[in-house]
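Visitor: As a plain string of letters, each chain reads:
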Amino acid sequence: MNGSAKARLSVFAGIILVLAAGALWAPYNPIEQHRDISNSPPSALHWFGTDDYGRDVFSRFLAGASWSVLSGVAATVVGLFLGWAAGGLVGFKGGKIDALFLRLGDLTLSLPWLYVVIGLRAILPLDLKPRAVLATMLLLLAFVSWARPARLVRGMVLNLSERGYVEAARAFGVPEWRIFVRHIFPGTLGVLAAQALVLFPRFVLAEVTLSFFGLGVSEPEPSWGAFIIALKQAYLLREQWWRLLPVLSMLPLFLSCAFAVRAVANAYRASR
Amino acid sequence: MCRVATWACSVLLLCPGGLTTAASLDTPRWGGVLHVAQRAEPKTFNPVIAVDAPSREVLRRLHADLITINRFTQKTEPGLAESWTRSGDGTRYTLKLRKGVRFSDGVPFTADDVVFSWSVYLDELVHSPQRDLLLIEDKPIRVSKLDSYTVEFTLPQPYAAAERVFDSVAMLPRHVLEPAWKAGKISSAWTVNTPASEIVGLGPFRLKQYRPGEAVVLERNPEYWQTAPGTSRNLPYLDGIEFRLLPDEGVQLARFVSGDIDVLNRLSMNAVSFLQRQGASVTDLGPGLEYNFLCFNLSPASPKIKWFSKREFRTALSLAADRESMARTVFLGRATPIWGHVSPGNRLWYSDRIAHPKRSVADAKQMLKAAGFLWNGKGQLIDGAQTPVEFSILVSTSSPERMQMATMLQADYAQLGIGVNIAPLEFRSLLDRVTNTRQFDTVLLGLGGGDADPNPELNVWLSSGGTHLWNPNQKQPATAWEAEIDQLMEKQMVTLNPSERRKQYERVQEIVAEQVPMIFLVTPNVVVAQRGNVGNFRPAVMDHFTLWNSSELYLRKGGSGQ
Numbered sequence: 002m003n004g005s006a007k008a009r010l011s012v013f014a015g016i017i018l019v020l021a022a023g024a025l026w027a028p029y030n031p032i033e034q035h036r037d038i039s040n041s042p043p044s045a046l047h048w049f050g051t052d053d054y055g056r057d058v059f060s061r062f063l064a065g066a067s068w069s070v071l072s073g074v075a076a077t078v079v080g081l082f083l084g085w086a087a088g089g090l091v092g093f094k095g096g097k098i099d100a101l102f103l104r105l106g107d108l109t110l111s112l113p114w115l116y117v118v119i120g121l122r123a124i125l126p127l128d129l130k131p132r133a134v135l136a137t138m139l140l141l142l143a144f145v146s147w148a149r150p151a152r153l154v155r156g157m158v159l160n161l162s163e164r165g166y167v168e169a170a171r172a173f174g175v176p177e178w179r180i181f182v183r184h185i186f187p188g189t190l191g192v193l194a195a196q197a198l199v200l201f202p203r204f205v206l207a208e209v210t211l212s213f214f215g216l217g218v219s220e221p222e223p224s225w226g227a228f229i230i231a232l233k234q235a236y237l238l239r240e241q242w243w244r245l246l247p248v249l250s251m252l253p254l255f256l257s258c259a260f261a262v263r264a265v266a267n268a269y270r271a272s273r
Numbered sequence: 003m004c005r006v007a008t009w010a011c012s013v014l015l016l017c018p019g020g021l022t023t024a025a026s027l028d029t030p031r032w033g034g035v036l037h038v039a040q041r042a043e044p045k046t047f048n049p050v051i052a053v054d055a056p057s058r059e060v061l062r063r064l065h066a067d068l069i070t071i072n073r074f075t076q077k078t079e080p081g082l083a084e085s086w087t088r089s090g091d092g093t094r095y096t097l098k099l100r101k102g103v104r105f106s107d108g109v110p111f112t113a114d115d116v117v118f119s120w121s122v123y124l125d126e127l128v129h130s131p132q133r134d135l136l137l138i139e140d141k142p143i144r145v146s147k148l149d150s151y152t153v154e155f156t157l158p159q160p161y162a163a164a165e166r167v168f169d170s171v172a173m174l175p176r177h178v179l180e181p182a183w184k185a186g187k188i189s190s191a192w193t194v195n196t197p198a199s200e201i202v203g204l205g206p207f208r209l210k211q212y213r214p215g216e217a218v219v220l221e222r223n224p225e226y227w228q229t230a231p232g233t234s235r236n237l238p239y240l241d242g243i244e245f246r247l248l249p250d251e252g253v254q255l256a257r258f259v260s261g262d263i264d265v266l267n268r269l270s271m272n273a274v275s276f277l278q279r280q281g282a283s284v285t286d287l288g289p290g291l292e293y294n295f296l297c298f299n300l301s302p303a304s305p306k307i308k309w310f311s312k313r314e315f316r317t318a319l320s321l322a323a324d325r326e327s328m329a330r331t332v333f334l335g336r337a338t339p340i341w342g343h344v345s346p347g348n349r350l351w352y353s354d355r356i357a358h359p360k361r362s363v364a365d366a367k368q369m370l371k372a373a374g375f376l377w378n379g380k381g382q383l384i385d386g387a388q389t390p391v392e393f394s395i396l397v398s399t400s401s402p403e404r405m406q407m408a409t410m411l412q413a414d415y416a417q418l419g420i421g422v423n424i425a426p427l428e429f430r431s432l433l434d435r436v437t438n439t440r441q442f443d444t445v446l447l448g449l450g451g452g453d454a455d456p457n458p459e460l461n462v463w464l465s466s467g468g469t470h471l472w473n474p475n476q477k478q479p480a481t482a483w484e485a486e487i488d489q490l491m492e493k494q495m496v497t498l499n500p501s502e503r504r505k506q507y508e509r510v511q512e513i514v515a516e517q518v519p520m521i522f523l524v525t526p527n528v529v530v531a532q533r534g535n536v537g538n539f540r541p542a543v544m545d546h547f548t549l550w551n552s553s554e555l556y557l558r559k560g561g562s563g564q
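Order-wise, the sequence lines are chains B and D. Heads up, the first sequence is in my numbering, so the first residue is 2 and it goes up one at a time. Heads up, the second sequence is in my numbering, so the first residue is 3 and it goes up one at a time.
One thing to keep in mind: the hints can contain errors.
Across the chosen pairs, the derived CB separations fall in these ranges [stated by the list, open to error]:
| id | chain 1 | residue 1 | chain 2 | residue 2 | range |
| --- | --- | --- | --- | --- | --- |
| 1 | D | Arg88 | B | Asp128 | 48 to 56 Å |
| 2 | D | Gln278 | B | Gly4 | 55 to 63 Å |
| 3 | D | Gly379 | B | Asp128 | 36 to 44 Å |
| 4 | B | Pro28 | D | Val253 | 52 to 60 Å |
| 5 | B | Leu245 | D | Ser283 | 26 to 34 Å |
| 6 | B | Thr109 | D | Gln278 | 48 to 56 Å |
| 7 | D | Gln441 | B | Phe82 | 33 to 41 Å |
| 8 | D | Val253 | B | Leu256 | 25 to 33 Å |
| 9 | B | Ser5 | D | Gln441 | 54 to 62 Å |
| 10 | B | Ile98 | D | Gly381 | 52 to 60 Å |
| 11 | B | Lys130 | D | Ser400 | 48 to 56 Å |
| 12 | D | Asp140 | B | Leu108 | 33 to 41 Å |
| 13 | D | Ser283 | B | Leu110 | 30 to 38 Å |
Counterexamples of contact, computed for chain B against chain D with all Cβ distances above 10 Å [as the list claims (entries may be wrong)]:
| id | residue |
| --- | --- |
| 14 | Arg36 |
| 15 | Leu90 |
| 16 | Leu110 |
| 17 | Thr137 |
| 18 | Ser219 |
Calculated directly from the structure, the hints in this document are not laboratory data. Each residue gets a CB set at the ideal place from its N, CA and C atoms; glycine is no exception.
Taking the hints into account, I'd like the entire structure generated from these sequences.
Guide: Here it is, written out as structure tokens:
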């Protein structure tokens, strides 16, 4: 990996760290209402202005960022683990379980996840705290997202299983589990890293989408999706242009992620 | 009994007088097509089964009723019946039909069509939403033909609002629909795929074309029976109306500003501010009939019933709700705080005897203390068993205003130490929980009668009603105050003396306000807009706010249809 790629990855990691700790930087309590200053424009006191209830939008942006980034990371970890476990197992063992896995993967990939989540929200107990609701949703998303990384891992495991050093290990009588851990698992890490960079922004966007539809983090907790809702009434932006500020401020995360993915892809091509 | 539970948003109120004085001085101009924005597609062109607002808005222009409610004066006036008389005991109405009236296909309208229409609406197999309107105490209003132009309606008992029942019951062409009804297929007649020429009515317009996803186009009905004042020429003034299907309010506004749309119906408050800045002609009709409220689940199986059943608890929550802020913040000042279910916009039935207690968190806390609640070290409100008081507010994801109100209540109740979870749900899921499964703590909803009269909301206030939201379908009234409401509502239904009836319904309002099964919050204003090119424009708060007098509307020079 060259210096430019490392720099891109570092920027991405830095942005994630800053945003994950966003709630710590928030200048005001993000849920405290001051109804006498609702919908104020940006000022020295309130950099992004205030919302309909007089809450500081910049504080809500930062606090919402923590939740979006951390939930994105958590869902990515769960999704990748499930995908790696399933793909690794069927790739290494093969047989009937492999065919079943492929069909199950097709089924999962064809699920309209948004509708699944909407349906699930309708049957959840209402007493759940807003974050518990969102955590449930994101776990569900992670469960329905296992198929793509699992297929990639399966392909990689099949490929690695036929390598000479694996055949040699088998000839020397090394136990299967040890072959998997020592010779095959390390070979799948590159795929997992690349998938992590692909899945992470998807999960962050999933949280934003759910909140946009009113199904994610509910009030009074801050959420990035709530800022997008303002864009539904685009005509408002002519007068209240500052409603765009939090939305524009999300861009660095997604752009840096895109650059990081490009850097990893280039590094992979160069290594071949 | 009349059963109508109208969910949200259909509202009725007089608009302030003199709004269109200048318009009424113009000489009406013939011709042109009026362009109106509509949010959703019509589901059917069959008035017998239409329940959705978009279908009904189109159908109201295609059909006519015997007696109609003038949306501006709120009083009944002749429609297809030119006059009527009531028997001394109030159980028989004799209606004289207009002679010479023809359907849009040229066939004369007679008493046979009235008898046929009534039979269709009352047919249990048809499942018409109008059927419940035509029942009093579960017994139907019967009709008989006295001669070709005279019909007699017999009521099972006196009914205070009998004349209003005829409004919005479209008269059907027997010669077209009888075969379908006899074959048991009337529900599948006149779908959105039916050729426009087969749809026949008595309204000022007839269907010309339906372009799915784009527009519903109506053209002048050449057989329409009403004549223009001072002429012998038949109304309507307009050549047609085009309902342009624009689901997004932002797009509607852009098209309105660019001149593609002449009339906008029921605007959001943000849209009002935007249009005012653009210099558009916006009419604020003042408070409508819609009332927004937080309803407690008082069903015996409600998990929070031990708190909610205490009147002091409910009253304390009402005291802590900041209605003024809601009106100011959520509706940008275009709403009125309310403490009862009849909005100040309902001039016929609003009672100024309902108390308007000032918001006071201190008084609310005092009341909770008196009811046996305490606060723990963390400032949480706890009951006698040391359980922290927490509940959820169910709210529809499709209503940003109610989401905002719920958020404000959440902050208001946090000041009492009460934890509130907001549970946003898709509207159908929400309705299922409220009316069927009863799996909710509280719900934030809006209701509003299509009519100012109390009777369409009988089902909400009677304890046996399916939309008696806090505890529906009771076999016997669960409380003494609900029993009293039942008695009063049943009495007012048959009381023909208006002042007696008013007293009875005022008492109902007082009981509801005292017992607080619902916390009434705000009534939003009804605001509409037109480009300034529509003559005889007399918007009213009753649905359809702007097109109720479509036969009289005309376009001044320079309209989009020119």
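Visitor: Indicate, hint by hint, whether the structure satisfies it.
Guide: Evaluated hints:
Range check, D:Arg88 to B:Asp128: Cβ separation about 55 Å, and the 48 to 56 Å hint holds. Between D:Gln278 and B:Gly4 the beta carbon distance is about 57 Å. The supplied range of 55 to 63 Å therefore holds. Checked against the hint of 36 to 44 Å, the pair D:Gly379 and B:Asp128 fails, with Cβ atoms roughly 23 Å apart. Here the CB-CB span from B:Pro28 to D:Val253 is close to 38 Å, at odds with the stated 52 to 60 Å.
Checked against the hint of 26 to 34 Å, the C-beta distance between B:Leu245 and D:Ser283 comes to roughly 30 Å, which is consistent with it. A hinted range of 48 to 56 Å holds for the C-beta pair B:Thr109 and D:Gln278, which are about 51 Å apart. Between D:Gln441 and B:Phe82 the beta carbon distance is about 34 Å. The supplied range of 33 to 41 Å therefore holds. Between D:Val253 and B:Leu256 the Cβ separation comes to about 30 Å, which falls inside the hinted range of 25 to 33 Å.
In this structure the supplied range 54 to 62 Å holds for B:Ser5 paired with D:Gln441, their Cβ-Cβ distance being about 56 Å. Against the hinted window of 52 to 60 Å, the Cβ-Cβ separation of B:Ile98 and D:Gly381 comes to about 56 Å, which satisfies the hint. Between B:Lys130 and D:Ser400 the beta carbons are some 23 Å apart, a value that contradicts the proposed interval 48 to 56 Å. Against the hinted window of 33 to 41 Å, the Cβ-Cβ separation of D:Asp140 and B:Leu108 comes to about 50 Å, which falls outside the hint.
Checked against the hint of 30 to 38 Å, the C-beta distance between D:Ser283 and B:Leu110 comes to roughly 53 Å, which is inconsistent with it. Chain D draws B:Arg36 into its interface by the beta-carbon criterion, the shortest separation being 5 Å against a cut-off of 10 Å. Residue-level check passed: B:Leu90 sits 38 Å from the nearest beta carbon of chain D, beyond 10 Å. Residue placement check: B:Leu110 keeps its beta carbon more than 10 Å from all beta carbons of chain D (closest about 25 Å).
Look at B:Thr137: its CB is around 13 Å from the nearest CB on chain D, clear of 10 Å, so calling it non-interface holds up. In this structure B:Ser219 is not separated from chain D by more than 10 Å, as the shortest Cβ-Cβ distance comes to only about 5 Å.
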